[in-house]
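Using the sequences and the hints given, assemble the complete structure.
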Amino acid sequence: MVSPLLILAAGLGAAFILGLLRGTSERPAFYVTIAALAAMSFVALSWVVGLVLGQTQPVEILTAGARPPFAINLFMGGAEAALISVVTLTGLLSAFYMRADLMRLGRRAMAVLLVLIMALSGLILTRDLFNLFVFIELIVIATAGLVLLSKDTRALAAGFKYLIVSQVISILLLVGVIFTYHAHGSLNIDDIAATPMAFTGASLATFLVLIALVLELKPFPANGWALDIYESAHPGFSALFSAASGTAALFAADKLFTAAGPAWLPLATGVGIVTFVGANLLALSQSHDRRLLGYSSVGQIGLVLLVVGQKALLGADFAYVAGGIVISHAVAKAGLFWLSGMVKGRTLSDWAALCQNPALVVAFATFIAMLTGLPPFPAFYAKWVLVHEFAATGQLPMLAIFLIAALIEAGVLFRWFGKAIKHDAQRSLTYHLSRETIVLIAMLAGWGLGWVWGALSDQGNVMTALPLLFALLFLPMDILPARVKNAIAMAGLVVWFVISYQDLDPLRLVFMIIMMLGGAVLFLASFHHQGRRMGFYAPAMIMYAGMALLLEAFTAFQFFAAWEMLTIGSYFLILRGKESEPHALSYILFSLGGAFALLAGFALAAQGQRIFWIEDLSELTGTLAPWVFVLLALGFLTKTAAMGLHIWLPGAHAEAETDVSPMVSGILLKAGLFGLFVLVMEMGHQRLYGVDLTHLLVWLGALSAFIGAVLAAFQEDAKRLLAYSSISQMGYAVFGLALMNHLGWLLAMMFAINHFVYKSMLFLAVGGVKERTHTRLMYQMGGLITLMPLSFVSVLVGIIAMSGVPPLSGFGGRWIFYNAIMSTDLRLPMVLVFMAGPVGFLYLFRLIHTIFLGQPKDNLRQVKEAPFWIILPQMLFVAFLIAFAALPGMILQRVDRYIGTLFGDQPLVWSGRIVNSAYGTWNPVAIWGVIIVVFVTVLGLLIWMNHNAQRVKQFNIVFSAERPFKPQTTHFAWNFFAPYRKAMGFLETPVSTSFWTGVTNALHGTAEFSRKLYTGNGQTYAVHLLLFVIAVYLISMGASS
Amino acid sequence: MTAFPNFEWVQIAYALLTLFIVINYGMVMTAVVRKIGARVGGRYGIPVWQNYVDLLKNIALRSKISHGVMYYLGPVFRLTGGVGLLMFVPTIYGSEWHQNFSYAGDLILALYFVFFGTLGMALGAGESGHPHSAIGVSRGLAQVTMAELPLALGVFALSLQYQTLDITEIVAAQQGSIFNWTVFTNPLATVAAMVAFVGTMMRSPFDVAMAPQEIPIGPPTEYHSSYLALMQTNRVLFPVAKTVIYMNLFFGGATSWAEFAIKVFCLYMISVVIGVVHPRFRVEQSIRFFLKWGLPIGVLSILVV
Amino acid sequence: MTTRSFIPLVLLALLGTVFFALFVGFTPDETLNRTASYYATQTVPETGAQNVVTAIIVTYRGLDTLGEVTVLFLTAAIVGLVLAQSKAPKGRSGSGFLPSGELLTTGTRMLVPVILLFGAYVFANGHLTPGGGFQGGAIVASGLLLMLLADPAERFSHRLISRIESSAGLIYVILGLLGMIFAGGFLDNRILPLGWFGSVFSAGAIPLIYILIGLKVGAEFSSILTSLEDTEDAQ
Amino acid sequence: MMLSQIAMALGFSLILLGLYGALTNRDIIRMIVSFTIASTGVNVVLVSVGYLPGRSAPILDEAVPVAEAATRITDPVPQALVLTAIVIGLGVTALMLAYAYRLFRARGSLDISDFTELKW
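Protein chains in written order, with the working numbering: chain F, 1 to 1041; chain L, 10001 to 10305; chain R, 20001 to 20235; chain P, 30001 to 30120.
Just so you know, not all the hints are guaranteed correct.
In silico DSSO-like pairs for lysine-lysine, Cα to Cα no more than 30 Å straight-line [what the hints assert, rightly or not]: (1) K10035/L - K10263/L; (2) K419/F - K578/F; (3) K578/F - K857/F; (4) K30119/P - K419/F; (5) K151/F - K344/F; (6) K770/F - K422/F; (7) K10292/L - K982/F; (8) K1012/F - K344/F; (9) K10064/L - K857/F; (10) K864/F - K10064/L; (11) K857/F - K982/F; (12) K770/F - K578/F; (13) K30119/P - K1012/F; (14) K419/F - K770/F; (15) K311/F - K30119/P; (16) K344/F - K578/F; (17) K344/F - K30119/P; (18) K151/F - K1012/F; (19) K10035/L - K10057/L; (20) K864/F - K419/F; (21) K578/F - K864/F; (22) K344/F - K422/F; (23) K30119/P - K151/F; (24) K422/F - K578/F.
Computed far set for chain F versus chain R, every beta-carbon distance over 12 Å [claimed, not checked]: (25) R22; (26) Q502; (27) I614.
In case anyone wonders, no lab produced these hints; they're calculated from the structure.
Cβ coordinates follow ideal geometry from the N, Cα and C atoms, glycine included.
Rendered as structure tokens:
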């Protein structure tokens, strides 16, 4: 192994060599720089490899042939090697990235860059306090120099502000250093660590040193100068400043916190959490991309500082957690800054330019996912461990704050992503092949790290999950034509079903059928799309992968990972819709919020166990259990869009593409239902303050069922109507589930199946109509029955089924429902459900009537039947519905038997095709028999009586009317149930919507207000700095005394 | 054929017989009722055989127009709904002949099958393309959703009381003395259900859906000739079939055709009497009415049982 | 008193209390702490330097010093970078200055050689007497400054300066690496014999390094000065 | 009150003084000067910490024989450090001056509150 000192020597030596070159010879100078950086990276990497493979041991490097503390010594261990690799590699890539500007400014600039990287490596390596100070100053000066790379004149001011502030910092640091020396008689960090100081007057020195290093981390709110640099500096340098400098400074701070001893950790925790929350909050109101990135890096670094504060508790996990966050932040942030260099405009929506280049979009998505800690990236594992640590050590407030801040961060980033994807670009990309390559390298590094962290995790590696790999396969395959990809996707789903269905209990099996086979059927509709259809299949398959894994998840971690996966996938899917940007955002926010609730719930439940099996939920007891129940239920209810948490659904489902709506409505919602199934199955009745939580669920379900239906009846937009109806249907399912009896669960299953079938069918039908009529407003349609008979048939069957009118399968659901409520002692919630039934009838009738019946509109006289590929699955569904209605036993019987084993009872008796309960009978075949016979007879009668009826033209019925300004207001289909609205309209008041809007507005308001703090005046920033120091000082003194 | 236990072909004959009796009974009764209504209004009124005349006339009519498939099927749905409803409930308690096909399902089947005809009718009227029929439909639906609520609650209370959903068993439970009738054993449920009954008989004050005055060409008259014939048949059949359910649930059912005739007539008269003395509600008014009266009583009934 | 000056006052008052706490808590050592005493006893046998401070600077804390030199190098580079963009328009250089007078010119001619010599002496004897590379370098640079004052139009070759600067730095690094190969570690001065204690050619590589540092520092200061000087013209 | 303490007090007050100047003067040049004052203060503090009463400079010539070094000399480390600190301070100052020059060139003003386009 070459000595790590060569990293420093190479940097310096090269810098000096540059001086020997002729002033005009930039090219060779550049090559020297690159060579030096490459050498440094190589040494660092070789150490990483060596240490990982165990070929070498961590080594202490002496200088001047004397032992520490008498001479400066360096230390090279695993963490050092890894971080130096990050630093040097970022340096190398950034050097390539900034090639043009480095050439422009000549060898001096390159020398400065080299020294910067050298100093950062030194900062990481050194074990000497004063040496630390020297390196910090080197970094400061080099930074001030490289800021000048930017063509932006404002960068000058930023650099100067930075110098001012770092002057103050270095004053504090020096005073601290010398007094530490006086106290310990040594400048060697390990020496100081050997005699940790209590938090007393003499330890002021320690305080000064620590606070100075914390200040180097740009803590909120004393960080205005840093933001200015991020905003104005050359993106290539900002990447360094954020990724490399941030990382190194963090490591230095960590070193000293370790040395200072556990008494000081709360300082790190406090500053960390404040920074994490504050920075993310303020980022909300940023419209300038690089400044936003700046805020985000500040936040992330704060997060790591928080982790440093948890060091004592995390113990062995510390490196894993902190490293996970630091490294994914470094990679992602560098990548994003590099990307920002390719985008011309500086507003967030200017990033739309990326859409010209799919690879870059993928990179962008990757980086965002890395920052928000989504699987399979390192921060995901880190977050998991961290939250569990919080829960295990009972720091619940911390846990809450952390998750909320993380949610805000996700909000910031995904808002940005949405804009970038949906808005149309004003200016095109400044395209350099080299720059793109660099960005893509960063992206690949991200995935690679994800794999590494997964491999290190004791929870199992997400990246090795077969479904996910299959889904990711679609990224490179995106160049294939859509049809081919579609076929592959369908095949994938079916195959996965075939290979994995044996080892599932009937309950999971049903969900598996819905999700995999159902998914395959829905993909039929996607054959309709010609061309490539870039960026559709990868997300879709990620979603399905998530669901596949969810069904087979046995540990909390697997469950959560799968959950996150299907959330991300569906987010990208929903985002594809035309007007879907805001809705996709609210979807991802609610989903992540729900996911965090799950995370918190699992963490509470695990209480520090490494592996927590889902079935152990049933062992939970004591005061903890009900809270776990509440959190998990919250998470799942967000997915099933229970009343109050539902506001994301209508927009998301309505705006999605024709073949996406059924996926996210018919299939995705079932994931939430499945979660609830697992939850109540494992935890059963839980009492909180004497209230049985399942009773709350019953009420919630009933409420959703009713209000959802009423709202649906008031929609003018067909897809929104269906969306609201989903809320209602899921309400039924939750209701049944929460009844906690055999029939209730059977009811839930029945609804799961039915809802999948008819909701997919209806969404496809309405989607098909939209494809042809290019509108979703029902009053603009009408009389389409003759033009689109097949769509009509499926809608007809769909609504008969859904409204529960015999003979179709919806009736079965109702029948089970009645039998279920007969055997429970809850009475009042039924009232709501009873109301929901007929109301459902209202909106369904409106749907079919105003679209297909009535007078055809002039502009729609020529429309053709919906495309074949959209009709085909509908017809399959129709067939299934009829079959299922006649022979419900073919699915239900097994489920029923299985649920019976859970409850140890068997209320339903399946004699042949007849179902008997304790209360009544359901004889589907007989019902069919009677109805068909009667129907046919009567029809025959009618035909006999008037076989020769004349088909009349539309305008045989003429009536006159003025045409007012808004014609639709006089159309019967407009506000179809006007009187109903008069009577029941009060239910329409958007309580929950206004609540959530209030929350967001409050957040944005605070952000908008408090960011005025950053006046842009360097002096004020210095004042902030001192203010911060004093505040922390007083607080910590107060805390310690 | 396992789906049809103790099925013999003769049952079809029995069923047809029931159907025949009920239709004729309905013909006469509705005529009588109209006559009474006329007399209350100081008019002479129609002869009791008027319905037969109308029916024959409509069948005989030669003008035949169709607006399309759904329009054509509308009346079929309608009548199927009526007949089916009758077929799914036992008409005469204890008589082997008139159990119809009640083994196909229970109370729930009956309750939900009520919507079958309504739906078909509404769709048919819808395709007729006439906005007024659409308006009529929307009013009707809006109203029926609330009107059905008290019934649902009442029935729930009742089935809790008897711990069964099987109509025959419910009737059986009411045999013996008149005081075993649900109306006495569970008055609240009965009242709630009767509110719904009155509300869904398509008579004033709840007949805004038909609205003969405001909507001169509403659903019924958009249909003509043989369509109207079917619908008329249904209009005499359906109320009776529905009344039969109420009779079975709350008034001890009927053990003989005579009892049947009397009970159905009395029940039917309730809505008539209320109808002739009350002006019509607007839809939102009737909805509020059901919310104000029907709902609380219903809730009370399921709470006390 | 305005808030602009008031707030800082309050802050500094509070900071003052922190410092005051330090001040009160401070008691001068009676004896050298272990680091210092190690140096006091081991400097001579290990480095053979008379001036302990020098030994510490050049050897024990040589890495600091290397960094320190780099700081100057960096500053010089950046100052050059900063001011490069605003060079004087060619041809007008030196114009618009009053001649700086007989006295100064003559004085300069007389003094500069002496100053340079003295500077050289200071950094060559850094290991024996107070002083060393930095001080010496500064003195050399001051001589340069004097010349500039005497004749503002005077120009020095940036190229020469940066050559000296860079090669000195390079050799410094190489010496350090040699220390790793032939002696105890990076920047170990025992790559050369420690020599006779107290003589000029003693203390191993220390004098050599100090000379390099002197040259380098002198060069760096000069380059900073000249860069600053260049900008004068554009006025 | 011993020498070292006087020195230290002086150092601290220099720091505070310098900072006050840096925080209240809008003129960039004045700020830079104030900072140099402050860092001088820091250096004084550094040295004063290393001072041991009644001892001489750590140079082992005839005045201080090697044998007695441990008892005769003051702590050499702070002096070594202060040298580095001085040089670094000088570097930063030079840099700031260069910046000031460029800023003046860019905007024709030396008032720090004129350079606030970057904010929020």
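A quick look at each hint next to the structure:
| no. | hint | verdict |
| --- | --- | --- |
| 1 | K10035/L - K10263/L | holds (19 Å) |
| 2 | K419/F - K578/F | holds (12 Å) |
| 3 | K578/F - K857/F | holds (25 Å) |
| 4 | K30119/P - K419/F | holds (23 Å) |
| 5 | K151/F - K344/F | holds (14 Å) |
| 6 | K770/F - K422/F | holds (21 Å) |
| 7 | K10292/L - K982/F | holds (15 Å) |
| 8 | K1012/F - K344/F | holds (27 Å) |
| 9 | K10064/L - K857/F | holds (26 Å) |
| 10 | K864/F - K10064/L | holds (29 Å) |
| 11 | K857/F - K982/F | holds (28 Å) |
| 12 | K770/F - K578/F | holds (13 Å) |
| 13 | K30119/P - K1012/F | holds (8 Å) |
| 14 | K419/F - K770/F | holds (25 Å) |
| 15 | K311/F - K30119/P | violated (35 Å) |
| 16 | K344/F - K578/F | holds (25 Å) |
| 17 | K344/F - K30119/P | holds (21 Å) |
| 18 | K151/F - K1012/F | holds (26 Å) |
| 19 | K10035/L - K10057/L | holds (20 Å) |
| 20 | K864/F - K419/F | violated (35 Å) |
| 21 | K578/F - K864/F | holds (23 Å) |
| 22 | K344/F - K422/F | holds (17 Å) |
| 23 | K30119/P - K151/F | holds (18 Å) |
| 24 | K422/F - K578/F | holds (8 Å) |
| 25 | R22 | violated (8 Å) |
| 26 | Q502 | holds (65 Å) |
| 27 | I614 | holds (53 Å) |
In terms of the numbered hints stated before, the structure departs from hints 15, 20 and 25, listed from lowest to highest.
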